[in-house]
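Start from the sequences, fold in the hints, and give me the full structure.
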Amino acid sequence: MATDYDAPRRNEADELGEDSLEELKARRAEAQSASVDVDETDFNENLELPGADLSGEELTVRVLPKQEDEFTCSRCFLVQHRTRLASTRGDQLLCRDCA
Numbered sequence: 001m002a003t004d005y006d007a008p009r010r011n012e013a014d015e016l017g018e019d020s021l022e023e024l025k026a027r028r029a030e031a032q033s034a035s036v037d038v039d040e041t042d043f044n045e046n047l048e049l050p051g052a053d054l055s056g057e058e059l060t061v062r063v064l065p066k067q068e069d070e071f072t073c074s075r076c077f078l079v080q081h082r083t084r085l086a087s088t089r090g091d092q093l094l095c096r097d098c099a
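Residue numbers (full-length UniProt numbering): 1 to 99.
Treat the hints as calculated values from the structure; they're not laboratory data.
Warning: the hint list may mix true and false statements.
[To be verified] Label-pair restraints from in silico Cβ distances:
1) Ala-52 to Phe-77: 40 to 48 Å
2) Arg-62 to Arg-89: 55 to 63 Å
3) Tyr-5 to Leu-49: 56 to 64 Å
4) Glu-58 to Asp-97: 29 to 37 Å
5) Glu-30 to Asp-97: 31 to 39 Å
6) Asp-53 to Lys-25: 48 to 56 Å
7) Leu-64 to Arg-96: 19 to 27 Å
8) Leu-59 to Arg-10: 53 to 61 Å
9) Val-79 to Glu-30: 55 to 63 Å
10) Leu-49 to Arg-10: 21 to 29 Å
11) Arg-96 to Glu-68: 17 to 25 Å
12) Val-61 to Thr-3: 57 to 65 Å
Using N, Cα and C, we set each Cβ at its ideal position, and we do this for glycine too.
Structural data, given as structure tokens:
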């Protein structure tokens, strides 16, 4: 089907001008009923404040031992990959950030 690009385009706003007053009221009522009424008390129950007591919470984390291609920096004590090794001073290994 060929499209005439010079013809004026019609959109929903143009079509709404031809609708009756009752149809417009019905559409308006439908649009307003779709909004969700949020209760403020429900929102506040899920809110966590910084510094809240989390002593009753339990975290489950899988800890892996140091791998063959990793080292522990002797200054920052972080486990780093061997590609991050900057220098060795005796038995002390330093990462790029600490060197």
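Which numbered hints fail | 1, 2, 5, 10
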